[in-house]
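Just so you know, the sequences run in chain order D and S.
Each residue of the first sequence is one higher than the one before, starting from 1 at the first, in my numbering.
Each residue of the second sequence is one higher than the one before, starting from 1 at the first, in my numbering.
Errors might be hidden in some of the hints.
[Claimed, not checked] With a straight-line Cα cutoff of 27 Å, these simulated DSS-like cross-link-like pairs (lysine-lysine) come out: (1) Lys99/D <-> Lys58/D; (2) Lys199/D <-> Lys247/S; (3) Lys187/D <-> Lys165/S; (4) Lys199/D <-> Lys242/S; (5) Lys158/D <-> Lys137/D; (6) Lys194/D <-> Lys196/S; (7) Lys171/D <-> Lys157/D; (8) Lys165/S <-> Lys196/D; (9) Lys186/S <-> Lys194/D; (10) Lys196/S <-> Lys185/S; (11) Lys241/S <-> Lys194/D; (12) Lys188/D <-> Lys241/S; (13) Lys196/S <-> Lys199/D.
Treat the hints as calculated values from the structure; they're not laboratory data.
Bear in mind the structure is a predicted one, so any value in this text is a computation, not a measurement.
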Amino acid sequence: MFHWLEQRPFFFSVGVFLVIAFAGLIEIVPDFAQASRPVAGTQPYTLLQLAGRHVYIKDSCNACHSQLIRPFKSETDRYGPYSLSGEYAYDRPFLWGSKRTGPDLHRVGEYRTTDWHENHMWEPTSVVPGSIMPAYKHMFTQNADLETAYAEALTVKKVFNVPYDQPGFTKLGSWEEAKKQALEDAKKIAADMKNKDVKEAVERGEIPEIVALIAYLNSLR
Amino acid sequence: MNSNIFQDNINQLALLAAVIIFFLTVFVAGKYIKQMKTDKSTGELADENWDGIGEYKNELPSGWAYTFLGTMIWGLWYWTMGYPVDAYSQIGEYNEEVAAHTAMFESKWADADDQTLQEMGEGIFLVQCAPCHGIAGDGMGGKAADLTVWGSAAGVLATIQNGSKGLGYPMGEMPAGMLSGDAAKKVAEYVANGMKGEMPAEFGVCAGCHGMDGKGMGGMAPDLTKYGSPAFVADVLERGKKGYIGKMVSFKGRLTPIQEKAVGAYILSLSRSE
């Protein structure tokens, strides 16, 4: 039998590859499939949160902030419980980051509030005296891109079966319904804010980027 | 310093081993080179032949065969029973580290004195509280509650003037300006001094929610007799607050009772150190 294999080097190579690949797969796949299931209670992002996530990506927050708490006491003391892979189930792409110029943000919703973020994005040194983070004042005037966020939500719902609109999960609905819900969420955030321009914009039915970003940051917990 | 490195017995052993390995290598290599020169192989040649290189149809040496078989049996055992699922895991090490540290922390600071608590509280305050209340605790120009007056008559007066809400007590919010002028000051003094001495008649306004004894009628409203004590701070830390200034998150489960007490001791030192 072995002589027969030795006489067919290409077939033999493919066979060796398959055997080793199979051994690797049965070690990795079952555990991975289990661990990457959504953690109980993990919800797909609402339209407003998703729009805020786009602001986060657009302004490269992930270049300086990670979203991954490692299981070390020094990290869990500061940032909260260590991250689980299932918590990223609805993150496309995940925003783990690779560098902590600023602190980790994976559970920032647990210990910072809307009014704090408002102060911080307007002028970081007003709340963190030594901060080197730049101010993001343009977020108070530019409006969030809800259309793109809705397109993404609808795509992941249809293509990846993200459980939008299923019982017990985030409601998305039609574009009109989703937009109305986003505006309602935005009003709740704006009620906790002090910036007059932002409040007026939300009253007019617009959603400044800062409101969407705060909705996203508050959802990180 | 020992100038002669060969006086160290580890070095002596290493040198001895190096010499032995050298002679073994020479001996083994010499044996096989000689064998390659003189050995004549025997046995039946296999049919295939690669550029003049052939192969004998000899059986596997029995030592190899048994080792190979043994490896397969060990592999089956390891796969089904022997895999060290109960042995090491990163999360297990983390859990042990946290448990050990918590036990050490609890026993070390169980009866810490006030000075120690204040120092511990300062460290926690700078990390957890300063982002909103400021490094000096002054609330950074109205971004959060001014803790440099908290626990004093001025603090109570500010609460009476501005109202208070959002601690999550069943009685709900306390409106601004329940009392004004001298009456407010008198009540503020009375509450800040631990509700000792003669009760001002105006305290009746407060008693509607906090009770005549100020104890909050069994959890309906904040217990004013604890005002200005670390226990009151610990209560706020656990409940969080959504007040008139902004929202404070709850620190429940994030600080230990000792740490909460320490933060309380530090905050009190801010208003009472002068």
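Self-check item: 27 Å Cα cutoff - pair Lys199/D, Lys247/S
Solution: The hint holds at about 18 Å.
Quiz prompt | Proposed proximity, Lys241/S with Lys188/D (alpha carbon, max 27 Å) | solution = Judged against 27 Å, a Cα distance of about 17 Å means the pair holds.
Self-check item: Pair hint Lys171/D and Lys157/D, alpha-carbon separation not exceeding 27 Å
Solution: 11 Å, holds
Self-check item: 27 Å Cα cutoff - pair Lys194/D, Lys196/S
Solution: Distance of about 40 Å is beyond 27 Å: violated.
Quiz item: Is the hinted pair Lys199/D and Lys242/S satisfied, with a Cα-Cα distance of at most 27 Å?
Solution: Judged against 27 Å, a Cα distance of about 19 Å means the pair holds.
Quiz item: CA of Lys196/S to CA of Lys199/D, is that 27 Å or under?
Solution: Violated: Lys196/S and Lys199/D sit about 46 Å apart, past 27 Å.
Quiz prompt | Lys158/D paired with Lys137/D [C-alpha distance capped at 27 Å] | solution = 36 Å, violated
Quiz item: Hey, Lys187/D versus Lys165/S, does the alpha-carbon distance stay inside 27 Å?
Solution: 21 Å, holds
Quiz item: Between Lys99/D and Lys58/D, does the CA-CA distance stay at or below 27 Å?
Solution: Holds, at roughly 17 Å.
Self-check item: Satisfaction of hint between Lys185/S and Lys196/S, Cα-Cα up to 27 Å
Solution: 15 Å, holds
Quiz item: Hey, Lys241/S versus Lys194/D, does the alpha-carbon distance stay inside 27 Å?
Solution: 18 Å, holds
Quiz item: Does the structure keep Lys186/S and Lys194/D at a Cα separation of 27 Å or less?
Solution: 34 Å, violated
Of the numbered hints listed earlier, those contradicted by the structure are 5, 6, 9 and 13.
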